[in-house]
Amino acid sequence: MRLENKVAFISGGGRGMGEVMAKLFAQEGASVVIGDVLEDEGKQVEAAINETGGNCLFVRLNVTDETQWQQAVAATVTRFGKLDILINNAGIYRTNKIENTSVEEWDQVLAINGKGVFLGTKAAIPEMRKAGGGSIINLSSVAGLVGSADSGAYNASKGAVRLLTKSTAIQYAKEGIRANSIHPGTIETPMTADLLSGEGRRDRINRTPLRRLGRADDVAYGALYLASDEASFVTGSELVIDGGRTAE
Amino acid sequence: MRLENKVALISGGARGMGAVEAKLFAREGAKVVIGDVLEDEGKQTEAEINEAGGQCLFAMLDVTSEENWNQTVAATVARFGKVDILVNNAGIFTLGNVEDTTVEMWDRVMAINGKGVFLGTKAVIPEMRKVGGGSIINLSSVAGLIGSARAAAYGATKGAVRIFTKSTAVQYAKEGIRANSVHPGIIDTPMTVPTILVDDASREAQMERTPLGRLGQSEDVANGVLFLASDESSFMTGSELVIDGGLTAQ
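Line order of the protein sequences matches chains V and E.
According to my numbering, the stretch in the first sequence is residues 1 to 248, in order.
According to my numbering, the stretch in the second sequence is residues 249 to 498, in order.
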């Protein structure tokens, strides 16, 4: 198993990509803590993993709250003894051009997608230091690499994640803490359900050279690679999983 | 096993990173053909894989020869029935800034590192089309991403590989053929030991430059190549996998 004896924390693990990652990581031998504001979904995922022989704990987590992050990390260490892997996966998507973006929307998107990653990283580092290293995986997006026709705040938040990841990588490399970003293209998840209804779906498929939408497990396998010791020389890198969209 | 029922062709597979990739692929269930100009080393790697229970064939391959490539691909199909994975791993390293680089040096490194990737890609596409898709992995370098203080021609070849990979990805995506590049930092291999890792001081200097504070090992690269070769990365094409210990993140 590729994550044997590892302890992983996954924010936004209650559904969508985070849920698929949690299940894959558990299958590969990791003990998994999922943090989410979605209590019902989170408890369901926790139960599903535990019933199939995995080790999972759900904790309520609003990623914009520093105290909650500290509690979530403390709960992880109490239950599983340490923290090796952090997946900053929680995020929201908003479509609005810049002129139509309110300050409230900007603040909300940057708080969840940007500050959430900062706070998770900040809370995890002391525990990773104790364990002699760790792997942080931040979910950015192709919208963190190229301009987006229909989002300003989301674009900015994912660009922030891309470079915060490199800062983390450089600042903590000497302590064996790795940090990498993942840049999914259009993935079929609860977050993108609105975007992929009706005309939008065909349009997104046509814009993707591989001519399909991504699935949550396409991203989960990338996260698994980066989380595992197979990627022990990989830090500050960007893993683009977009069916070729940003290659052209 | 992560490459069950797959057939992989690895150029430069006789030694160094290519040999480590070949062994890892075989352990993960792939049938492996290694093409190389190094016949003794190639046959030894072939024997080691077969003795360990894998399936491996060595083929003499000069990557600059289109005819050699066609023969190697034909030999792969004759022996194992198809080609699913191509790793364009063969390459040479040459030191020299722009003024010190002779036209002969330029032509040689471009032929092996650049044209070799083009010819390998060209030779496998018809076979990948027949099986409904495939995965091509091209070894570029961090020198294909950023300027190098001492290796002008080498950097140019690796830049060529980086964008040629994206061309391949975009041109053949509809046929299910994926293409991705790998960008290693300073890896301890037979290519780098006689050139940039010549003594303790140069090894120290390269470790110092690398945020993770160590040299990469062939296994570090092979694990990334394995991920890109496998169906785990089936939504990845035209991407760059940087395995450099943080060298280009700063």
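Hints listed in this document are in silico derivations from the structure and should not be mistaken for laboratory results.
We put the CB at the ideal spot given by N, CA and C, even for glycine.
Mixed in with the good hints there might be a few duds.
[As the list claims (entries may be wrong)] One side only, chain E facing chain V, incomplete, derived with CB under 7 Å:
id: 1; residue: T342
id: 2; residue: L393
id: 3; residue: I394
id: 4; residue: S396
id: 5; residue: G407
id: 6; residue: I411
id: 7; residue: K414
id: 8; residue: A417
id: 9; residue: P438
id: 10; residue: T440
id: 11; residue: G464
id: 12; residue: N471
id: 13; residue: G486
id: 14; residue: G493
[Claimed, not checked] Here's a subset of chain E near chain V, in silico, CB distances under 10 Å, partners left out:
id: 15; residue: V325
id: 16; residue: A326
id: 17; residue: Q419
id: 18; residue: A421
id: 19; residue: M439
id: 20; residue: E480
Cross-check of the supplied hints:
1. For T342 (chain E), the interface hint is violated, since its Cβ never comes within 7 Å of a Cβ in chain V; the closest pair sits about 24 Å apart.
2. Violation of the interface hint for L393 (chain E) is found here, the shortest Cβ-Cβ separation to chain V being roughly 11 Å, above the 7 Å cut-off.
3. With a cut of 7 Å, the hint placing I394 (chain E) at the interface with chain V is violated, because the nearest CB-to-CB distance is about 13 Å.
4. Restraint check, S396 (chain E) versus chain V: the minimum CB separation of about 18 Å is more than 7 Å; hint violated.
5. The criterion of a C-beta within 7 Å of any C-beta in chain V is not met by G407 (chain E), whose closest approach is roughly 15 Å, and the hint is violated.
6. Proximity of I411 (chain E) to chain V is violated relative to the hint, the smallest CB-CB distance being about 9 Å (cut-off 7 Å).
7. With a cut of 7 Å, the hint placing K414 (chain E) at the interface with chain V holds, because the nearest CB-to-CB distance is about 4 Å.
8. With a least beta-carbon distance of about 5 Å to chain V, the hint placing A417 (chain E) at the interface is held under the 7 Å criterion.
9. At its closest, the beta carbon of P438 (chain E) sits 18 Å from a beta carbon of chain V; the interface hint therefore is violated under the 7 Å criterion.
10. A cut of 7 Å between beta carbons decides the hint on T440 (chain E): the least distance to chain V is about 14 Å, and the hint is violated.
11. Given hint, G464 (chain E) at the interface with chain V, holds; its Cβ is 5 Å from that chain's nearest Cβ, closer than 7 Å.
12. Using the Cβ-Cβ criterion of 7 Å, the hint placing N471 (chain E) at the interface with chain V is satisfied: the shortest such distance is roughly 4 Å.
13. Taken as an interface hint, G486 (chain E) checks out: its beta carbon lies about 2 Å from the nearest beta carbon of chain V, inside 7 Å.
14. Interface restraint check: G493 (chain E) against chain V, minimum CB-CB distance 5 Å, threshold 7 Å, status holds.
15. Interface restraint check: V325 (chain E) against chain V, minimum CB-CB distance 25 Å, threshold 10 Å, status violated.
16. Of the supplied interface hints, the one on A326 (chain E) is violated, with its beta-carbon coming no nearer than about 30 Å to a beta-carbon of chain V, more than 10 Å.
17. Because the beta carbon of Q419 (chain E) sits about 9 Å from the nearest beta carbon in chain V, less than 10 Å, this interface hint is met.
18. Interface hint at A421 (chain E): satisfied, since its Cβ lies 3 Å from the closest Cβ of chain V, which is below the 10 Å cut-off.
19. For M439 (chain E), the interface hint is violated, since its Cβ never comes within 10 Å of a Cβ in chain V; the closest pair sits about 17 Å apart.
20. The criterion of a C-beta within 10 Å of any C-beta in chain V is met by E480 (chain E), whose closest approach is roughly 4 Å, and the hint holds.
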